Amino acid sequence: MEEVTQELESKEYFINMGPQHPSTHGVLRLVLSLDGEIIKKVEPHLGYIHRSIEKMCEHDSYQQIVHLTDRMDYLSCHINNEAVCLAVEQALQLEVPDRVKVIRTIIDELTRLSSHQLWWGVMGMDLGAITTFLYGFRDREIITDIFEETCGARLTMNYNIPGGLFFDIHPNFQKRTKDFITYFRKKLPEYDTLLTNNVIFMQRMKGIGKLSKEDAISYGVTGPTGRASGFSCDVRKQHPYMAYDKVNFKEVLGTEGDCLARYKCRIAEMWESMSIIEQLIDNIPEGPVKVPTKAVIKLPKGEWYQKVETARGEFGVYIISEGQRSPYRLKFRSPGFSNLSALDHMARGCKIADLVAIMSTLDLVIPDIDR
Amino acid sequence: MNWLYDFSYLTGGIHNSLSEHFEPSTVTLIEMILAGVAFMILFAILGLVLVYAERKVSAFFQQRLGPMRVGKWGTAQTLADVIKLLMKEPLMNKNADSFLFNLAPYIIMIAAFMAMAALPFAKGLHALDFDIGILYVSAVSSLGVIGILLAGWSSDNKYSLIGAMRSGAQIISYELSVGLSLLTIVVLTGSLQFSTIIESQANGWWIFKGHISAVIAFIIFLIASTAETNRGPFDLAEAESELTAGFHTEYSGLKFAFFFLAEFANMFIVSAIGATVFLGGWMPFHIGGWVGFNNIMDYIPPIFWFFGKVSFIIFLMMWFRWTFPRLRIDQLLTLEWKYLLPVNLMNILIMAFLALMGWHF
Amino acid sequence: MKSIIKYFKDIFSGLRSLVKGMAVTGHYFTHPKEIITQQYPENRDTLKMFERFRGEVVLLHDENNEHKCTGCSACEVACPNGTIEIIPKRIEVDGRKVKAIDQFVYHLQMCTMCGLCIPACPTDAIVMANTFEHAVFDRSKLTKILNKPGSKIMDGIK
Numbered sequence: 000m001e002e003v004t005q006e007l008e009s010k011e012y013f014i015n016m017g018p019q020h021p022s023t024h025g026v027l028r029l030v031l032s033l034d035g036e037i038i039k040k041v042e043p044h045l046g047y048i049h050r051s052i053e054k055m056c057e058h059d060s061y062q063q064i065v066h067l068t069d070r071m072d073y074l075s076c077h078i079n080n081e082a083v084c085l086a087v088e089q090a091l092q093l094e095v096p097d098r099v100k101v102i103r104t105i106i107d108e109l110t111r112l113s114s115h116q117l118w119w120g121v122m123g124m125d126l127g128a129i130t131t132f133l134y135g136f137r138d139r140e141i142i143t144d145i146f147e148e149t150c151g152a153r154l155t156m157n158y159n160i161p162g163g164l165f166f167d168i169h170p171n172f173q174k175r176t177k178d179f180i181t182y183f184r185k186k187l188p189e190y191d192t193l194l195t196n197n198v199i200f201m202q203r204m205k206g207i208g209k210l211s212k213e214d215a216i217s218y219g220v221t222g223p224t225g226r227a228s229g230f231s232c233d234v235r236k237q238h239p240y241m242a243y244d245k246v247n248f249k250e251v252l253g254t255e256g257d258c259l260a261r262y263k264c265r266i267a268e269m270w271e272s273m274s275i276i277e278q279l280i281d282n283i284p285e286g287p288v289k290v291p292t293k294a295v296i297k298l299p300k301g302e303w304y305q306k307v308e309t310a311r312g313e314f315g316v317y318i319i320s321e322g323q324r325s326p327y328r329l330k331f332r333s334p335g336f337s338n339l340s341a342l343d344h345m346a347r348g349c350k351i352a353d354l355v356a357i358m359s360t361l362d363l364v365i366p367d368i369d370r
Numbered sequence: 000m001n002w003l004y005d006f007s008y009l010t011g012g013i014h015n016s017l018s019e020h021f022e023p024s025t026v027t028l029i030e031m032i033l034a035g036v037a038f039m040i041l042f043a044i045l046g047l048v049l050v051y052a053e054r055k056v057s058a059f060f061q062q063r064l065g066p067m068r069v070g071k072w073g074t075a076q077t078l079a080d081v082i083k084l085l086m087k088e089p090l091m092n093k094n095a096d097s098f099l100f101n102l103a104p105y106i107i108m109i110a111a112f113m114a115m116a117a118l119p120f121a122k123g124l125h126a127l128d129f130d131i132g133i134l135y136v137s138a139v140s141s142l143g144v145i146g147i148l149l150a151g152w153s154s155d156n157k158y159s160l161i162g163a164m165r166s167g168a169q170i171i172s173y174e175l176s177v178g179l180s181l182l183t184i185v186v187l188t189g190s191l192q193f194s195t196i197i198e199s200q201a202n203g204w205w206i207f208k209g210h211i212s213a214v215i216a217f218i219i220f221l222i223a224s225t226a227e228t229n230r231g232p233f234d235l236a237e238a239e240s241e242l243t244a245g246f247h248t249e250y251s252g253l254k255f256a257f258f259f260l261a262e263f264a265n266m267f268i269v270s271a272i273g274a275t276v277f278l279g280g281w282m283p284f285h286i287g288g289w290v291g292f293n294n295i296m297d298y299i300p301p302i303f304w305f306f307g308k309v310s311f312i313i314f315l316m317m318w319f320r321w322t323f324p325r326l327r328i329d330q331l332l333t334l335e336w337k338y339l340l341p342v343n344l345m346n347i348l349i350m351a352f353l354a355l356m357g358w359h360f
Numbered sequence: 000m001k002s003i004i005k006y007f008k009d010i011f012s013g014l015r016s017l018v019k020g021m022a023v024t025g026h027y028f029t030h031p032k033e034i035i036t037q038q039y040p041e042n043r044d045t046l047k048m049f050e051r052f053r054g055e056v057v058l059l060h061d062e063n064n065e066h067k068c069t070g071c072s073a074c075e076v077a078c079p080n081g082t083i084e085i086i087p088k089r090i091e092v093d094g095r096k097v098k099a100i101d102q103f104v105y106h107l108q109m110c111t112m113c114g115l116c117i118p119a120c121p122t123d124a125i126v127m128a129n130t131f132e133h134a135v136f137d138r139s140k141l142t143k144i145l146n147k148p149g150s151k152i153m154d155g156i157k
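Protein chains in written order, with numbering that gives the first Met the number 0: chain A, 0 to 370; chain B, 0 to 360; chain C, 0 to 157.
No wet-lab data here; the hints were simulated from the structure. Since we're looking at a predicted model, the values are computed, not measured. Note that the Cβ used here is the ideal one computed from N, Cα and C, for glycine as well. Mixed in with the good hints, there may be bad ones.
Over 10 Å on every C-beta distance to chain B, these chain C residues come out as not near it, computed from the model [to be verified]: (1) K5; (2) S12; (3) G20; (4) E33; (5) N42; (6) R43; (7) F49; (8) K96; (9) M109; (10) V135; (11) D154.
On the chain B side, residues computed to face chain A include the following (Cβ under 8 Å) [unchecked claim]: (12) Q62; (13) N94; (14) S97; (15) I161.
Produce the entire structure from the sequences given, and follow the hints as far as they go.
In structure tokens, the structure reads:
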């Protein structure tokens, strides 16, 4: 009898989830220790898309660094650009015109919206509802069209330069944005009917991947993921930059910290973003769109840190300058990296299907993690 | 055109002309071969049409156009796919159990073929009319899970194994609900024979005649049969975003095509069973007493009625697939054992009571 | 008893939410006019890019096959990826030796379409074109020489 029980004892086994896997959204490799379908341990392995952007920045001029940040978190590229520009402007003690501030804020929020739309679509697809993917992209397409018209590119826009903007907004920008807001206010409730209120979806989300507020703080989880755990970490509120101190918006906070809270947090953020855009879109002040800078920007000797709120959380740029045309060292604090570090904590004891749900609510962008 | 309304003219004609030339045993042999070829052709056509339909229907749900390039409106797309799959290299893992690995797709196909043999397609177009038709079909259609288990086990891939195990648990549980929901109607008809069940619906389909119980049974049947065919939202065995492709991760080329085809064939089979038992099979839409109306309905040949009803149920299943997120494995079992099964048992009791009192129409 | 009522309530609210979801997809199924697919190669004639779209760098030539590039290499310096390579030559204008371009080499395969070269150009010689069909069968074809053969610099551009 003894021998039989010995044989029947299950052993842990390992599965490589990724680097090529439909739900890791890129080349993330997760080594899962499994007992049946129960996850015992998740070990993320990074480095498959490492492009040494931080090292490249040490050779580039400050104008050139900006376009590299497009390639990190490509879904909130404008916000990344802004972080670098703000850091440089901070170092040069430049005060950008009000027009720039407002335009940057509007495009920030549009970027956040488009990122959340894509997240919503992909999240549905991860859970098996492929149709949401197409609906999310359908609405995102309108924003990318707005970007293309004004910034000249759909994804890697590179619209910011230190000291202002590349060029003024397109004459159609305001009208198109307003049209989009009216359109999307009608479409967003559809998202709720399709997923949020769906009983299967609720079952898949509720109580899965809980992250307490203390854990969120100790892992450095920021953005909607952290706020869903009740960690008030919105940089837009706490250290307002650009025009965020002039607009009224609510910092969306959850309490549960589970997948559903993270999901609802992002949906609520979409409403908030739309209200921010509505407050600003008619009140873009007149004026220049850039402060003239030297062709070769040289920062004084010193260190600067600037953080902004991307769609995924707190994105920070830390510049050490030795007075040269390129930084001595440049460090990006990317939100995805810290958010991913909490994955193991959240996923232990869950099933494989839950892991997929947790990963999609973390809203990972792998180039952001690997840089 | 009489044969279109009653296929026994056609089948009887063939039988008579064969009997004139051959011995009875040879006639049976030739007829069996003919039926086999006919089913194979049907299988191929079903594959082509259903894959195209699935693509187009999913496209329209998703505000897309779907395949548009190959042929007018992309109608030849599936043919192109078949050619592509035929030319693909059959790959196998080094440590895979090659015998079982190669056997698995055939088991799934054979199960689908066997189930299809007992389906009544139209009046007189019925290869095997067992007196235990429903029992036979539901027994045979669940044989396919052996193929899935073998495929998962022999692939030497952990994803495949997880998919196969999920599929095993899923089909064993949902088989129960399919059977019980069909039993609800069997209580009314008092027969397991398909032809008798269809004849009993001559003056109205069971879903209309059987009160609310029949509707509940139909809904349960829809849910359970979707689960039994491994289609979304119950596609846990494949679960693209979790297990890459589940039990057929390692299959390529023609063997993959077999799995693909079997999925659509199974979908057709369960829809056909549902259409026969709940929606009257090839029986036109009749309302008891309305002679004129019934006569008009009789003008539409039975085979169109049958395929119309089947495509309606298939469309419903596609609608499910392209709307809902996937369930988790424990929720899947919860749904079956805590919700579908108790409701089903209760439903049978109510139905038995109704049948006993003669309260159905 | 309460739990039994809750049991049935759960079933009905669950089914209702599912039906509501199906109504959304059903709406789009029955409204094929809302289909957003663009059939790309077929709609080439009507397809219009936004004027600011950054597709590739081109060196503008006028009808006399003259361009404005002085060969100052400002764009080469501004480019983050080494996409632009100016091969200069010395030409003689009014008895003085002046720098001019021999070849304006543009490596499309390295270009990230950041657009930094455009404002860097002091003479507005280069612009971003709206073209986007860059696929070729040979990688070497992506390296382009932007100044047309026999072209020369416009008069009065320094």
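Evaluated hints:
no.: 1; hint: K5; verdict: holds, 13 Å
no.: 2; hint: S12; verdict: holds, 13 Å
no.: 3; hint: G20; verdict: violated, 5 Å
no.: 4; hint: E33; verdict: violated, 6 Å
no.: 5; hint: N42; verdict: holds, 12 Å
no.: 6; hint: R43; verdict: holds, 15 Å
no.: 7; hint: F49; verdict: holds, 23 Å
no.: 8; hint: K96; verdict: holds, 59 Å
no.: 9; hint: M109; verdict: holds, 33 Å
no.: 10; hint: V135; verdict: holds, 22 Å
no.: 11; hint: D154; verdict: holds, 52 Å
no.: 12; hint: Q62; verdict: holds, 6 Å
no.: 13; hint: N94; verdict: violated, 15 Å
no.: 14; hint: S97; verdict: violated, 23 Å
no.: 15; hint: I161; verdict: holds, 7 Å
Of the numbered hints stated above, those contradicted by the structure are hints 3, 4, 13 and 14, listed in ascending order.
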